[in-house]
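Generate the whole structure from the sequences, applying the supplied hints.
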Amino acid sequence: MSSTPDGRAQPGRNLGAGLLLGLGVVAFFDETVFHQLLHWHHFYDRSTTDVGLVSDGLFHAFSWFATVAALFLLAQLRRDRALHVRRLVGGLLVGAGAFQLYDGLVQHKLFGLHQIRYDVALLPYDLVWNITAGVLLVVGAVLVLATRTRQAR
Amino acid sequence: MTVVVALAIAAALVYAALMGRARRRERGWPTWRAACWAGGVAVAAVAALGPLADHMDFRAHMIGHVLLGMLAPLLLVLAAPVTLALRALPVAAARRVSAVLRSSVVGAATHPGVAAVLAVGGLWVLYRTGLYAASMRHPTLLLLVHVHVFLAGWLFTHSLVGPDPAPHRARLPVRAALLVLALAAHDILAKMLYAHPPAGVDPAAAAVGAQVMYYGGAPVEVALFVLLGVEWRRRQGLTDVRAPLSGRR
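Protein chains in written order, with the working numbering: chain C, 1 to 153; chain V, 1 to 249.
The hints are simulated quantities; they were obtained by calculation from the structure and are not laboratory data. All values derive from a computational prediction rather than experimental measurement. Using N, Cα and C, we set each Cβ at its ideal position, and we do this for glycine too. Errors might be hidden in some of the hints.
Heads up, incomplete: computed chain V residues facing chain C, CB under 8 Å, no partners named [unchecked claim]:
1) Trp-29
2) Ala-184
3) Ile-188
4) Gln-211
5) Pro-219
6) Val-222
Spelled out as structure tokens, the structure:
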């Protein structure tokens, strides 16, 4: 594999590192802020389906892998002087937005894993959650597409 | 239990003796690996003795299992006991050890898929059948459960990472994927324990125990991913265009 000291030499690896980091960061944020600090999310909710538990387990395990793998990829890109920050940030926003949207729509609503908060009117919370996710996803996708056309290989 | 104390002391003495022989042969042995061995033996012994061995309390039981099945195995793997033995033993004996390691039986047992089924599958059997309740009534059965959790955890850790010779070790992406799947199965089981406590376990204690299981092993899980990453980085270094090393991967 050849690599030149050029920020655009490894587009796939920059994108991959961003996607993994985005997923890892959102999962960590979700766990720390919503589960542990605010105690809004519940560890388990009587409405949770079995497929919800499988989905939760897979994402919880994968998010550790994603965070660690992303940091090793970042170190590698820096060492090879192949870091392309805009593309990486694009990937990060796509990864973060996609997981946030999956969490908000599929895990919270479809699988009944848990709700964002209990004993409140849920609709505003759900709207803010999923619109935030959508905005992250769109901004990230724009960045990813923009860096792809500029690089044109 | 005197058996546990005797085994722990024996494990420490054998390692110290091997280390002494290796150093006398002027082949050296890092002190930090010896510290890992001492730490691993101590953690396993503490999990099997003391207040954590009060298995009528599901919370203590679960802390004990995280120590016995995850932390102690990681420390023991980092202590590289097989590498030490190969350095310390006479050549003929070292060759026999090496032949055993290369055998197909050891190859099958140290595949991370097999080891993951033994380690995490064993936990599913323990908590989703009547085995846990039975082990509360029969001390011998409880002892066997502990031994299995410890040895299967050690085997799984060795199948993934560590400096000891592992001629059959699976490819890096396979190991990473199996680690993710094994941890997912572990996390799913933890939430199942919250939802449906094993027979005879107080639901409040089960709720705490389930969260100990879900979150308690996280530092060890991250350490395993980091060790896989270190290996990946080393391999990348070997194929680095800026510092090529010909003919080696």
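Against the structure, the hints:
no.: 1; hint: Trp-29; result: violated, 29 Å
no.: 2; hint: Ala-184; result: holds, 4 Å
no.: 3; hint: Ile-188; result: holds, 4 Å
no.: 4; hint: Gln-211; result: holds, 6 Å
no.: 5; hint: Pro-219; result: violated, 10 Å
no.: 6; hint: Val-222; result: holds, 6 Å
Going down the numbered hints, you'll see the structure goes against 1, 5, while the others check out.
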